[in-house]
Amino acid sequence: MKPIHQFPLFNLLMIVLLSVLLAACGDNMHVWDADTYADDLTRQLPIPVSDAGSYLGKKITVVGTVQSTYYAEKDQGKPIFLNLDKPYPDNEMVVYLLEEDVQKLAFDRLLYENKQILVRGEIGQYKDEFGKIRPSIHITDASQIAIK
Numbered sequence: 005m006k007p008i009h010q011f012p013l014f015n016l017l018m019i020v021l022l023s024v025l026l027a028a029c030g031d032n033m034h035v036w037d038a039d040t041y042a043d044d045l046t047r048q049l050p051i052p053v054s055d056a057g058s059y060l061g062k063k064i065t066v067v068g069t070v071q072s073t074y075y076a077e078k079d080q081g082k083p084i085f086l087n088l089d090k091p092y093p094d095n096e097m098v099v100y101l102l103e104e105d106v107q108k109l110a111f112d113r114l115l116y117e118n119k120q121i122l123v124r125g126e127i128g129q130y131k132d133e134f135g136k137i138r139p140s141i142h143i144t145d146a147s148q149i150a151i152k
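To convert, count from 1 in the sequence shown and add 4; that's this note's numbering.
Any given hint could turn out to be false.
[Said to hold, decoys possible] Straight-line Cα separation of at most 35 angstroms, DSBU-like style, residue types lysine-lysine; simulated pairs:
(1) Lys62 x Lys78
(2) Lys136 x Lys152
(3) Lys131 x Lys152
(4) Lys63 x Lys78
(5) Lys78 x Lys131
(6) Lys108 x Lys136
(7) Lys119 x Lys63
(8) Lys131 x Lys119
(9) Lys136 x Lys78
FYI, nobody ran anything at the bench for these hints, they're computed from the structure.
Sequences are here, hints too, so could you generate the full structure?
Set out below in structure tokens:
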């Protein structure tokens, strides 16, 4: 006797059954992509800081440890910098907020020092005063950053 999967009728029934199931799922069944969960830090698998530079121009979630912070009160925009995985000037990545963002979010950089964080945003590039270019994320909303 042949195994059941070798009968043409069985194969036809399986194809019909799978088609019905897929049609019933409709829009609820899709391939996961990063933009699907753009506003939820916890749903996307975070990328380590060391790999962030490979995602230039992409919106991703990065995980890293804030090793140092700096308030550049004399610079244009009066930015606050969070230096990830190594202290400045050897940091692997920079997260920054401009003065308007700091005021809007009541952001306290000291709360993040020596903490592992999740940060979400588009990966850009930041060139420091020594000419070193590293990946960066500009924080403009509180939902972009969380202590892990």
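Now for the hints, and whether the structure bears them out:
Proximity of Lys62 to Lys78 is assessed by CA-CA distance (about 30 angstroms); at most 35 angstroms being required, the pair is judged to hold. Proximity of Lys136 to Lys152 is assessed by CA-CA distance (about 28 angstroms); at most 35 angstroms being required, the pair is judged to hold. Proposed proximity of Lys131 and Lys152 is supported: the alpha carbons are some 27 angstroms apart, at most 35 angstroms. Taking the CA atoms of Lys63 and Lys78, the gap is near 30 angstroms; set against the 35 angstroms cutoff, the hint holds.
A C-alpha spacing of about 17 angstroms is found between Lys78 and Lys131, which places the hinted pair at or below 35 angstroms, so the restraint holds. Using a Cα cut-off of 35 angstroms, the hinted pair Lys108 and Lys136 holds, with the two alpha carbons roughly 30 angstroms apart. A threshold of 35 angstroms between alpha carbons decides the hint, and for Lys119 with Lys63 the separation of about 22 angstroms falls inside it, so the pair holds. Simply put, Lys131 and Lys119 have alpha-carbon atoms about 24 angstroms apart, close enough for the 35 angstroms limit, and the pair holds.
About 20 angstroms separates the Cα atoms of Lys136 and Lys78, which keeps this hinted pair within 35 angstroms; it holds.
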